[in-house]
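Novice: As numbered in this note's numbering, the sequence shown has no gaps in its residue numbers, which increase by one up to the final residue, 889.
Hint data in this document are derived by calculation from the structure and do not stem from the laboratory.
Heads up, none of these hints are tricks.
Dumping the calculated EDC-like pairs for lysine to aspartate or glutamate here, alpha-carbon to alpha-carbon at most 16 Å: (1) 192 to 376; (2) 226 to 339; (3) 235 to 376; (4) 347 to 337; (5) 228 to 376; (6) 149 to 160; (7) 192 to 486.
Since the structure is predicted, the reported quantities are computational estimates derived from the model, not experimental observations.
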Amino acid sequence: MTDENRPHDDRDENAYDFRAIESRWAPVWEEMQPFSISEDDADRPRKYILDMFPYPSGDLHMGHAEQYALGDIVARYWRQRGFSVLHPIGWDSFGLPAENAAIKRGVDPRVWTYENIAQQKASMKRYAASFDWSRVLHTSDPEYYRWNQWLFLKMYEKGLAYRKDSWVNWDPVDQTVLANEQVLADGTSERSGAVVVKKKLTQWYFKITDYADRLLDDLNQLEGSWPSKVLAMQRNWIGRSTGADVDFLIEGHHSPVTVFTTRPDTLFGATFMVVAPDSDLAAELVAGSTPEVRMRFQDYLEQVQKKSEIDRQDTSREKTGVFLDRWAINPVTGERMPVWAADYVLADYGHGAVMAVPAHDQRDLDFARAFDLPVKVVVDTNAPVTGAMPVITPEMLETGDIPELNPSHTGEALTGDGRLINSGPLDGLSKQNAIKRVIELLEERGTGRAAKTYRLRDWLISRQRFWGTPIPIMYTEDGTEVPVPMDALPVRLPDTEGLDLKPKGTSPLGGAADWVATTTPDGQPARRDTDTMDTFVDSSWYFLRFLDPNDATRAFDPAEAEKWAPVDQYVGGVEHAILHLLYARFITKVLFDLGYVSFTEPFSALLNQGMVVLNGAKMSKSKGNIVTFTDGVDDFGVDAVRLTMAFAGPPEDDIDWADVSPTGSQKFLARAWRLANEVSSPVDADPSTGDPALRRATHRFLAEGPGLMESFKFNVVVARSMELVNAIRKAVDSGPGAADPAVREAVEAVTVALSIFAPYTAEDMWQRLGRGDASRGRDGLVAFAGWRKADPLLLVEEAVTAVVQVDGKVRDRLEVSPKIGNDELEQLALASAAVQRAIGDRPIARVIARAPRVVNIATQR
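Please put together the full structure from these sequences, using the hints given.
Specialist: Right under this line is the structure:
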């Protein structure tokens, strides 16, 4: 270490100057790189702590200040507990924002991206984030996205990557497709805010639905270590439903149409069929119809394509549809059922068609009433599920003898459980028994079978933009797909010179003629796929690349994965509760099946942080309420900002910057720092000779800290630190004084705790206490000092206060041993003069002693 970077001792400086402290220690850490994994860590237990890596959209903001404070707190805590901590950082640097910004500025996306990365990296270093800076990765580096392409080809070999024509979500502003998850609840794009429309394209998909059951069932492994809200969101998104696939013949159609239903017990009540207007089935059924039907259908389809899926599923909307002039045959009744196209059925749910049972489904009933279609009741929801039931005939329903069971009259579908009626062999059965029996009947006839379906759809990964991972597939002149050979990876992005990046509905890569034209391994002329991959592919496995981001021979070393993974603690925003986490879980299971990892879940524990807002509103440039990261640390100092983020409340709660006090944090740090200056006992002084009361307070702090930290009660640990500082101040000013070894012990305990939250201040305190010596490497830093064990003898209370009540009123307080028994406590209470005065001459009815805390005395009145 150079002399100019060696910290110096300024004991004469009694003013807390955060700028001077930061400038003292930042170059020391930069030179030492103390948080890189070294050979000295080999014998320590391991922890892999990971923050969700940032997108380089500009400098850090206050949301980053919270996230990276929390993640760093966790990493620094486990180092103090003696663990070797892997805590890496990188940048999720592909994506639309960079490309759009580059188009706006007329520059290469690479320039904009890497300039922002440099700015964010400098800010993170200033923020004292204890990252292993030797493991930095950028997903836009060819050295990284080469392995995205490797992963794609491995999935292609396994049949998990495939290409098909389908209706997709189209962002008309960004001119690219969106996965279902990227369409907001109001039907707009999460990126551009534009209303999403449907468009038919040939796209690449990952077959995530093959893993639907495992993705759902394995969530049980994460109970208690992931937030329950996140687990619920994942379960709802996967959305498993059980029921039956039922085959319906359609007159004039070449093959049966399969319909999934969760209520096969109501099959006798199916009176019409509804297909999604944007499904392939609807197009097939219309193809053979009259010109009038085809025209009517086409007009309707164009209307539907302008609506979002959210709109289409709105149950309060008036039902619309068009008759396709086709008839299906009910497989259990043999009755003809009209086939309609209606927008409340989605093409990608089940098989894109539903059997309509209007008596027992509200949407079907609303449709039937709108178009005067038949309604047939097949479940008596008034009947008990056990015991005898009355026989209800169709005639009784038609004549109105039981009007409450006629949805045609009431407009309310009968959706509850009950007994089957008007259903032939199912009559009298309960719902569950009827489901079982009708599936048996369908299987016997070869017209159906038990089945499951999911809300989860396959992962659409194609993007029609430049700034992403090129898909490693070529096409020969006859359209045959040819994978790029592994030894030819990476397929690099071309230069942007002469390339128009503006969105135009097709990928800008199509304009790079020299890049598109290629040859297959056997010498045939071919063209490259011009789409790029969804950036969620990049972030689905990056935690494994961090194990050795400079390895040019493989995506990651399975031996290192065995050593470090899965991630012990993942930290990030709840906004990624579905997309990113689901995809990372899926890819991990694929890698498990391929034999590359021995675990099936990527993140063992998850900590979500809240948002940082201002006066109750989300910060945004348009609202003019931005508090920038730079302003925050310039005004208050890094440590005050970090401490404020930790002290504001539970990590998952939002922080309103208007309600917190970085000034208060700054003042507290100054108080603690001054105590380190005042300690005058020798480094090797025996604390057991010091003030017993202060020692007990110190060791209670040491004993409580780990449990609080590991339950993420960071604000409570900060509060306990403040209480201990107050106790130390009192001992120095009006007790035994700064020379008391117990004062040194207490200040050192505070310093180690503050190293987790406020590393600059703590490191300076450690040096001033005579403990720090940067020339000894990280062993001379407080960051590696270790959380000291509490002395159990000092945790035993010497005395506790017992409250004595007479007839419900407190009459005395007794200082007693915590080991006192009930009988002895009762005798002491009765001997109390205050208690005797309160009793007077009244007889005692009863005495209840609960040692060592309370005695209740009741008298006769």
